Structures are given as C-alpha cells and as structure tokens.
Amino acid sequence: MSKSINHQLFFSHPPKAVWEYLTNPELMELWLMKNDFKPVVGHDFQFRVKPIPDLNFDGVVHCRVLEIDPFKKLSYSWKSGPGDGTYNIDSVVVWRLHAKDNGTELVLEHGNFAIMENIGLFNGMNEGWLKNMHKIANRLNAVENDSTNA
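Each step along the sequence shown adds one to the number in my numbering, with nothing skipped, and position 119 is 119.
Note that these hints are calculated values from the structure, not bench results.
Just so you know, not all the hints are guaranteed correct.
[Stated by the list, open to error] Calculated cross-link-like contacts (lysine-lysine; reagent style DSBU-like; alpha-carbon spacing at most 30 Å):
| no. | residue 1 | residue 2 |
| --- | --- | --- |
| 1 | 131 | 3 |
| 2 | 100 | 72 |
| 3 | 79 | 50 |
| 4 | 131 | 16 |
| 5 | 16 | 73 |
| 6 | 34 | 131 |
| 7 | 73 | 3 |
| 8 | 73 | 34 |
| 9 | 34 | 16 |
| 10 | 50 | 135 |
| 11 | 100 | 73 |
| 12 | 100 | 50 |
| 13 | 16 | 100 |
| 14 | 131 | 100 |
[Said to hold, decoys possible] What follows is a set of in silico ranges between Cβ atoms, one per label pair, in the way DEER data are often shown:
| no. | residue 1 | residue 2 | range |
| --- | --- | --- | --- |
| 15 | 119 | 146 | 23 to 29 Å |
| 16 | 38 | 82 | 25 to 31 Å |
| 17 | 115 | 24 | 28 to 34 Å |
A quick note: this is a predicted structure, and the numbers were derived from the prediction, not measured.
Think of the CB as a built atom: it goes at the ideal place given N, C-alpha and C, for glycine as much as any other residue.
Produce the entire structure from the sequences given, and follow the hints as far as they go.
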C-alpha cells in the first residue's frame, strides 16, 4: 500500500500571492529550504538543508519540475538519500491552488513514492509540510499587515 502526505490550507490571499511562495526561490527559502528552483518544466534543482545522519538523509533533495499550470498547479519529483548515490525516498510533490471564497485553498499531495524505505523521514515530512504551509500563511499575513499599516 502506497503512503502519501496530504494537507490543505485556506489562505485569505489570491492564488497569485500564494503561487509566488511556491515558485520564487527566494521566497521558497523563507518557508522551506535553500534551493536553485526555476519554474521551468524539466528544470533539475536541489533543496539543501542540514544533514540528518540518524535518518539517512544527507541534506540534499534532488528534484525535477514535472508540471506547471500558473496559479493552479505545480509538481516536481522529490528524491533523497544518505549521500552515497542511492535514494531511500523517490516521490512526487504536487501543489494545487483553487480560488475560493475570496482566497485560495492550497492542496498538497506528496505521494507516488516509488521508493519509501525511510519511514522516519516520511513521518518528519508529514508534520513538516503542514508547519511549512502555515509559514507561508504567516508570511503572507505579515506582508498584508505591513502594507495596510504603511
């Protein structure tokens, strides 16, 4: 049975604002990890973070942009491992944005695990993705408050 991570969160901001946090590498670094992302189908990129040797994770996530439908859908592969050239996670991240009630419903599905040999890392990602989605909301709200108080 294939596992997947599924979360959704409502933002009181338009899809374009949420999309920026999913596709702008500088903004992505604020809520996720350092990266060399470009919103171009076929672009290979990496997320980089401190290694977690106890979880057989070298701190590098190898990705490829698979699909872009501006302001609606973004997907990329997500592979990681211990740093010896092998992967213990091989999966796909899909973000869907739906305009709803003067805001955006953001839906995350991290699934399609071709390789799922690292349950500890999987469990950490499940919790981490939800925290990171809330980081996006907090940053968007802070930007909105700064502009209304100016």
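Verification of the hints:
1. A threshold of 30 Å between alpha carbons decides the hint, and for residue 131 with residue 3 the separation of about 19 Å falls inside it, so the pair holds.
2. Proximity of residue 100 to residue 72 is assessed by CA-CA distance (about 12 Å); at most 30 Å being required, the pair is judged to hold.
3. For the proposed pair residue 79 and residue 50, the alpha carbon gap of about 16 Å is at most 30 Å, so the pair holds.
4. Taking the CA atoms of residue 131 and residue 16, the gap is about 21 Å. The hint holds against a cut of 30 Å.
5. A distance of roughly 12 Å separates the Cα atoms of residue 16 and residue 73; the hinted pair therefore holds under the 30 Å criterion.
6. As the CA atoms of residue 34 and residue 131 are separated by approximately 17 Å, the hinted pair is consistent with the 30 Å bound.
7. Distance check on the hinted pair: residue 73 and residue 3 sit about 21 Å apart at the alpha-carbon level, within 30 Å; holds.
8. Our distance criterion of 30 Å between C-alpha atoms is met by residue 73 and residue 34, whose separation comes to about 21 Å.
9. Note on residue 34 and residue 16: the hinted pairing holds, with a Cα-Cα distance of about 22 Å set against a maximum of 30 Å.
10. Proposed proximity of residue 50 and residue 135 is supported: the alpha carbons are some 19 Å apart, at most 30 Å.
11. Proposed proximity of residue 100 and residue 73 is supported: the alpha carbons are some 15 Å apart, at most 30 Å.
12. Distance check on the hinted pair: residue 100 and residue 50 sit about 37 Å apart at the alpha-carbon level, beyond 30 Å; violated.
13. Pair hint residue 16 plus residue 100 holds up; C-alpha atoms about 13 Å apart against a cutoff of 30 Å.
14. About 22 Å separates the Cα atoms of residue 131 and residue 100, which keeps this hinted pair within 30 Å; it holds.
15. Range check, residue 119 to residue 146: Cβ separation about 41 Å, and the 23 to 29 Å hint is violated.
16. About 27 Å separates the C-beta atoms of residue 38 and residue 82, a value consistent with the hinted range of 25 to 31 Å.
17. Distance hint for residue 115 and residue 24: a CB-CB separation of about 29 Å, consistent with the stated range 28 to 34 Å.
Violated hints for the displayed structure, listed by number in ascending order: 12, 15.
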